[in-house]
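Engineer: Our numbering puts the first residue of the sequence shown at 643, with every later residue one more than the last.
In case anyone wonders, no lab produced these hints; they're calculated from the structure. Heads up, some of the hints might be wrong.
[To be verified] Derived Cβ-Cβ restraints for the label pairs, each shown as a range:
1. Thr-715 / Thr-882: 52 to 62 Å
2. Asp-831 / Ser-748: 13 to 23 Å
3. Gly-714 / Lys-659: 16 to 26 Å
4. Gly-670 / Thr-741: 47 to 57 Å
5. Asn-792 / Gly-714: 49 to 59 Å
6. Thr-715 / Arg-855: 25 to 35 Å
7. Ala-760 / Phe-667: 52 to 62 Å
8. Ala-760 / Lys-781: 23 to 33 Å
9. Glu-839 / Gln-791: 20 to 30 Å
10. Gly-714 / Val-678: 21 to 31 Å
11. Thr-762 / Asn-893: 16 to 26 Å
12. Glu-894 / Ala-802: 20 to 30 Å
13. Thr-902 / Ala-802: 47 to 57 Å
14. Gln-791 / Lys-886: 15 to 25 Å
Beta carbons are placed, not taken as given, at the ideal position from N, Cα and C, and that holds for glycine.
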Amino acid sequence: MPDKSQSSDAEVIARSKIGQHVTYFALGITAMFGLVAILVSISIKDADAKERFGYVKDILAIVLPLVGTWVGTVLAFYFSRENFVAAAQQTTDLVSKLTPEQRLQSIAVTEVMLDMYASTTTKLVLTSANDAEKFKLKKDIVSEILEKQNRNRLPIVDDAGRILFVLHRSIIDQFLVKCAETGGALLADATLKDLLEAENLKTIFQAFAIVGRNSKLITVKEAMDGNPNCSDAFVTEDGTKGSKAVGWITNEVVREKILT
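From just these sequences and the hints, can you work out the full model?
Structural biologist: Below, the structure is given as structure tokens:
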């Protein structure tokens, strides 16, 4: 397979030759029509010098714009793509020189967030505090939601769409292991309420960040860097926890944008 740089060099050489040929051809055509115009004017015996010059000027005035337009069209066709590629490469080079923080400062959270109300976004709605007791942790949360929908995180919102908790599969598994150590019956009976009321886990489930629609991705990164338990951020309508969550950004999204 030919090297990409060699292919690019060959293309530049080919374009250069095309440019030379078109230029030489245009000069030749111009000279030829100029000579023809002079010969035509000389052949008109009854015309004086001023009239003959007028004939030459009229012929060239008709021909030269046509030749010039044709040359410009051909050169533009062959060289406009090269200029575009060069401009795109310059832009790419500038972006690659930006630090990760500078790149994140230019990315709006609304560009990368997951829509909380999209059909592909899995979440659990609790209409009241007592609802958490209705969900068996292993059967309803792990098996029926996380495993069946191939998810590792589960946002929990209230009936107004306000974010309450974010459950991570790894934390749930740790909790279930501890339940198993105390007896099989307790493991099967463990509810979502039991998990949410665990004092050592509640702060983790509520360690998410809240940002507004006009925020940049750097704000999310700074929030996550400032809290080792924070792996998620939610975009709300007014940038406060008490309003409806419209978007969700994970630490994986932030990491992906840093690396690209």
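Engineer: Which of the listed hints are broken here?
Structural biologist: 2, 6, 13
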